[in-house]
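Heads up: the sequence lines are chains A and B, in that order.
Count along the first sequence from 1, then add 180; that gives the number in our numbering.
Count along the second sequence from 1, then add 180; that gives the number in our numbering.
Hints in this document: simulated from the structure, not taken from any laboratory.
A couple of the hints might just be wrong.
It does not matter which identical chain is meant; a pair holds if it fits inside one copy or across any two.
[What the hints assert, rightly or not] Using 25 Å as the maximum straight-line C-alpha spacing, the simulated DSS-like pairs for lysine-lysine come out as follows:
(1) K224 with K348
(2) K399 with K183
(3) K224 with K207
(4) K363 with K374
(5) K660 with K224
(6) K427 with K302
(7) K363 with K297
(8) K297 with K660
(9) K426 with K660
(10) K252 with K207
(11) K609 with K427
(12) K302 with K800
(13) K558 with K537
(14) K348 with K183
(15) K297 with K431
(16) K636 with K183
(17) K252 with K297
(18) K500 with K636
(19) K500 with K363
(20) K609 with K578
(21) K431 with K500
(22) K578 with K436
Number of protein chains: 2
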Amino acid sequence: MPKVTFLPANITVEIPETETIIRAAMKAGLHINASCGGAGVCGKCRVFVEGGEVEGEPLPEGGYKACTLYPKSDVTIRIPVESEVDRRALLRPVKKVASAWLEAREAAQVSIDPAIKKIYLKLEPPSLENNMPDLSRLETALLQNLGVERLEVNWRLLRNLPYRLREKNFETTAILFEETPPKLLGVEAGNTTKRHFALAVDIGTTTICAQLVDLVSGKILGETSDYNPQISYGEDVISRIEFARKKDGLKILHEKVIECLGKLAQELCQQNNINPEELSHYSLAGNTVMSHFLLFLEPRFLRESPYVPVASRFPLVPAKDLGLPAGEQTILTLAPCVASYVGGDITAGVVATGMAKEDPLTLFIDIGTNGEIVVGNKDFLACAACSAGPAFEGGGIKHGMRATIGAIEAVSIDPQTLEPMILTIGNKKPKGICGSGIISLLATLFIEGIIDQSGKFRRDLNSPRIREGREGWEYVLVWKEESATGEDIVFTEADIDNLIRAKGAMFSGYQTLLESVGLDITMVERVILAGNFGSFLDLEQAIIIGLLPDLPRENFYFVGNSSLMGARMAALSKEVLAEMERVAQMMTHFELSAHPGYMDYYVSALFLPHTNLDLFPTVKELLQQIG
Amino acid sequence: MPKVTFLPANITVEIPETETIIRAAMKAGLHINASCGGAGVCGKCRVFVEGGEVEGEPLPEGGYKACTLYPKSDVTIRIPVESEVDRRALLRPVKKVASAWLEAREAAQVSIDPAIKKIYLKLEPPSLENNMPDLSRLETALLQNLGVERLEVNWRLLRNLPYRLREKNFETTAILFEETPPKLLGVEAGNTTKRHFALAVDIGTTTICAQLVDLVSGKILGETSDYNPQISYGEDVISRIEFARKKDGLKILHEKVIECLGKLAQELCQQNNINPEELSHYSLAGNTVMSHFLLFLEPRFLRESPYVPVASRFPLVPAKDLGLPAGEQTILTLAPCVASYVGGDITAGVVATGMAKEDPLTLFIDIGTNGEIVVGNKDFLACAACSAGPAFEGGGIKHGMRATIGAIEAVSIDPQTLEPMILTIGNKKPKGICGSGIISLLATLFIEGIIDQSGKFRRDLNSPRIREGREGWEYVLVWKEESATGEDIVFTEADIDNLIRAKGAMFSGYQTLLESVGLDITMVERVILAGNFGSFLDLEQAIIIGLLPDLPRENFYFVGNSSLMGARMAALSKEVLAEMERVAQMMTHFELSAHPGYMDYYVSALFLPHTNLDLFPTVKELLQQIG
């Protein structure tokens with residue numbers, strides 16, 4: 181990757197040739213005015229190339245637009261003084277590359293040994309001397325092969341058994357689920373042991389992510405995702421539970437998710453020349469509500485006190501019974517849930533990280549509409565759900581939006597001029613602000629002293645970007661002339677209030693859960709951030725606003741979609757599949773609101789970063805540094 | 181029951197008030213001329229009442245028609261000399277009442293302990309302190325109740341679980357299949373342990389017989405039967421296997437039997453105010469071909485050498501998956517088969533008789549198109565199928581017919597006049613001759629010397645009833661004036677030849693099978709006759725023609741539909757269900773035609789009763805007596 185050295189700060193970062201110089205500057209913590217989100221239209225982001233090869237559009241007045249400038253070799257870039265702000269204090273090179281770390285862990289803990297086994301058998305073809313039934317012939321060989329006395333047989337395999345056996349003259353492959361007693365799920369003609377596939381799926385409230393996994397090599401053959409089509413019936417789990425109460429509501433939600441899952445399965449199989457009937461396993465993980473919809477289970481009692489799921493551990497389900505593209509042998513498993521709002525996605529994530537097998541006291545955090553927290557190690561696990569609300573996903577934020585094309589994902593503000601530098605997803609004209617942009621904006625406004633600790637704008641700043649709008653004070657991030665919507669994109673005090681309440685719910689959640697098990701936040705030796713949201717989060721900014729605890733940065737890990745990874749590992753390893761059950765059983769669930777100290781913790785957290793600055797020593801130091 | 185004393189023979193028999201005097205005479209072994217089958221039209225069966233009260237139609241010339249005369253008290257009846265023949269020598273009072281014997285056995289060996297259990301649980305309703313999932317709540321209580329560590333859960337029960345539990349405030353009844361691990365099949369609201377039902381069914385090639393069984397009291401709540409609708413696609417198993425090869429043939433046969441079974445289930449449930457969804461168990465027994473059709477299994481390889489069934493032991497099947505009226509918990513079991521032509525009906529029958537648990541060397545015989553034989557005791561069991569052909573069911577017999585209304589079921593012949601006495605089912609004008617009538621006729625013709633040992637008519641008898649017809653020599657049993665068809669009903673030498681071959685196949689079967697295990701027929705201590713055919717068979721006549729071995733009459737037992745009884749016992753007792761598997765495994769199957777001595781045995785048996793008369797000592801004695 182080319183190295184980009186910025187002058188006059190003399191900071192060097194590496195970026196791929198496909199990334200723009202403005203993104204390199206954001207990575208380096210350097211501000212360049214830019215208000216069109218990198219769409220190349222505002223022309224404010226002028227930089228000068230002082231060395232190396234670049235590709236870009238020269239400006240008539242000299243220099244290049246940083247937002248359309250790409251490095252073709254190591255380059256030296258000078259940022260004009262009107263643009264440059266050194267934010268180095270805010271950034272430390274600690275953000276872990278999550279996937280590499282997790283992949284190493286996965287390789288270490290997952291020896292490939294799927295719970296669903298394929299066993300090749302060369303049976304003796306029947307003769308008048310040995311005309312035992314097809315099934316007995318197969319069973320006899322299998323019992324011997326497995327060294328067991330009993331098998332349970334899936335009656336559906338009988339239908340095709342005589343043809344399958346005769347197709348390759350009684351050379352056959354049996355598909356079994358390893359249990360006591362083992363379950364004979366299906367048979368295939370000939371030796372098919374080299375073709376053994378699973379679909380690992382994270383059933384998210386918003387997105388369904390699927391991977392096609394080769395159970396022989398352990399490789400991921402393909403990956404795809406789609407929005408959960410249930411979104412049309414409600415953005416969040418609560419509104420979907422409400423929808424499920426309508427006539428046929430539950431049926432529709434069930435059918436929609438099955439249809440989407442089926443489509444993803446078809447797509448991945450087709451791309452890899454696999455017949456979906458060959459699939460051995462759908463290994464799924466999802467939150468408790470998604471798991472209920474998937475199995476057509478009544479979600480109503482999840483919502484009504486005392487919040488009881490129909491089931492948290494789910495039996496094996498023949499995938500065909502759910503109407504999925506599958507063979508008679510294909511089984512579906514769902515990661516076990518812990519409680520109504522701590523689901524199988526969390527169990528799968530915890531298992532994937534390996535935290536339940538190790539010593540370090542670990543805090544596992546999944547931030548979303550419903551934030552979930554797990555704390556523990558190999559000796560104990562405690563978990564809780566925080567009703568953080570949808571603010572971090574852009575919900576309840578005036579110009580909040582999902583992380584799609586045109587969403588502002590990173591922001592920096594010139595402390596003198598209060599001019600912003602914004603980057604949008606896809607480098608398109610900005611439409612709104614997504615979660616990571618919101619945190620970035622909030623942290624910047626706070627650290628630059630534009631808002632105070634309670635989230636209120638300083639009234640004495642003389643800038644057209646700070647104004648009192650119809651809904652109170654606000655910061656204008658993008659003027660309507662440069663937005664894709666034709667409207668000013670603003671960030672209001674009400675937005676900030678929502679965000680402070682959301683992050684307060686999370687932080688007081690960590691504190692309450694830790695206190696419930698007799699610990700406190702300083703004892704945490706490792707913080708794992710799961711979920712898509714975590715992947716795009718700027719760690720420093722999240723700490724500055726008090727969303728994450730102020731702990732040594734080297735102890736933070738971003739693991740991305742650990743739910744999907746857990747689902748994949750469960751398909752690849754019967755040990756992991758069993759570990760899921762063990763971990764789900766081991767997790768003690770705490771109802772945070774039932775804890776007597778919760779409200780105090782919550783109220784104290786409604787400050788940036790917190791009422792008690794001693795809980796955030798590095799932020800305290802930074803604030804003092806800045807003055 | 182009234183006693184009927186016949187003069188001049190001075191023989192007394194008991195018959196119900198609803199039976200006719202002519203049937204009493206047949207029972208007493210006394211001949212009364214009667215050629216209309218008891219339809220009251222020929223007027224030949226005149227008798228005189230010498231004492232007691234009767235109900236009947238006096239004849240103008242004095243006396244009554246025996247075929248429409250009923251005893252209302254003990255009566256004395258004189259048979260005029262022109263009618264009366266003493267056949268006492270042929271009859272011994274040895275015919276066992278099968279059902280009483282078997283019922284006593286059943287009571288002795290079946291303690292009511294069904295494999296499908298209902299367990300009533302009063303669960304603690306959920307609260308904020310204890311809000312574990314519905315399924316976990318149920319499982320925890322069950323594991324404790326059963327003293328096991330693991331349960332397997334039928335995922336289908338989850339759908340209704342929350343409603344079922346809440347309907348009676350968490351008082352619930354769990355339905356389990358006892359196995360290792362136990363299977364949780366379903367749940368019901370409240371305490372339903374007193375309502376626990378099974379359907380026991382014998383799936384016969386011709387008839388499907390079902391009983392609704394109360395699994396609490398062990399009582400049979402109702403019984404019904406219907407022709408197997410597959411008959412429209414082939415009378416016997418071979419022609420149905422052929423039909424199954426046509427497009428959709430197997431599907432049609434499968435659907436027809438399921439439809440019929442469902443109808444019988446509905447009917448019995450309705451009569452007893454039971455919702456079919458309450459059924460716990462369909463306990464079925466049928467021959468191997470019927471079992472294949474029922475489960476939609478390819479029957480083709482049963483017919484093609486080396487005659488391999490798809491399966492002989494069948495997995496549990498959710499009854500709903502087959503489209504039967506059932507709840508999600510209802511399971512279906514099929515009695516295990518032994519070979520292509522020794523099926524689950526035989527296994528069930530052998531289990532029902534208890535012969536596999538006792539010392540006496542027992543010969544179990546089921547006569548039908550495919551006769552099945554089992555020999556053995558608690559130490560060993562050997563079995564074989566005999567291709568007897570359909571002669572005993574009226575097939576291949578010129579005027580043969582099924583045992584329905586108008587079928588001649590019993591025959592006697594006056595040795596002087598050669599005039600017959602016939603009885604028909606339903607006392608209607610005769611249409612043809614059914615199995616028991618055919619044996620009765622053959623035995624009578626032989627013992628009265630009208631045919632010889634090779635089954636040929638004596639050519640020197642001067643009677644219009646013996647004649648040479650278009651198809652050879654024949655006996656006219658009913659003149660066309662008295663038949664329901666308007667045609668003479670005759671019994672031909674070709675018919676006799678077919679019958680001799682059929683009985684020869686059976687008898688040589690006994691001999692070959694016994695020899696295969698190093699025994700001979702004289703060592704047999706008990707003969708059990710199973711099946712509908714056995715129930716209507718006259719034991720002496722069957723021995724006279726050599727269909728059954730000439731053993732002491734007190735060692736013969738007629739057990740009727742022992743397949744149905746076995747199916748019922750399997751529903752009532754988990755021990756019996758397990759015993760089915762043990763017995764099926766224990767039965768060594770012999771292919772008779774593969775035995776080197778079989779042909780010799782067969783050829784020797786093509787004589788009445790046998791080439792070697794010493795094998796039939798009482799028949800030999802009888803023949804000598806008669807001269």
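Taking the hints in turn, this is what the structure says about them:
| no. | hint | in the structure |
| --- | --- | --- |
| 1 | K224 with K348 | neither (71 Å within a copy, 71 Å between copies) |
| 2 | K399 with K183 | neither (32 Å within a copy, 88 Å between copies) |
| 3 | K224 with K207 | within (19 Å within a copy, 118 Å between copies) |
| 4 | K363 with K374 | within (20 Å within a copy, 33 Å between copies) |
| 5 | K660 with K224 | within (16 Å within a copy, 117 Å between copies) |
| 6 | K427 with K302 | neither (53 Å within a copy, 31 Å between copies) |
| 7 | K363 with K297 | both (10 Å within a copy, 23 Å between copies) |
| 8 | K297 with K660 | neither (60 Å within a copy, 72 Å between copies) |
| 9 | K426 with K660 | neither (41 Å within a copy, 74 Å between copies) |
| 10 | K252 with K207 | within (18 Å within a copy, 112 Å between copies) |
| 11 | K609 with K427 | neither (42 Å within a copy, 63 Å between copies) |
| 12 | K302 with K800 | neither (72 Å within a copy, 58 Å between copies) |
| 13 | K558 with K537 | within (4 Å within a copy, 55 Å between copies) |
| 14 | K348 with K183 | neither (59 Å within a copy, 71 Å between copies) |
| 15 | K297 with K431 | neither (33 Å within a copy, 32 Å between copies) |
| 16 | K636 with K183 | neither (40 Å within a copy, 112 Å between copies) |
| 17 | K252 with K297 | neither (50 Å within a copy, 75 Å between copies) |
| 18 | K500 with K636 | neither (56 Å within a copy, 64 Å between copies) |
| 19 | K500 with K363 | both (17 Å within a copy, 21 Å between copies) |
| 20 | K609 with K578 | within (18 Å within a copy, 95 Å between copies) |
| 21 | K431 with K500 | both (17 Å within a copy, 20 Å between copies) |
| 22 | K578 with K436 | neither (30 Å within a copy, 65 Å between copies) |
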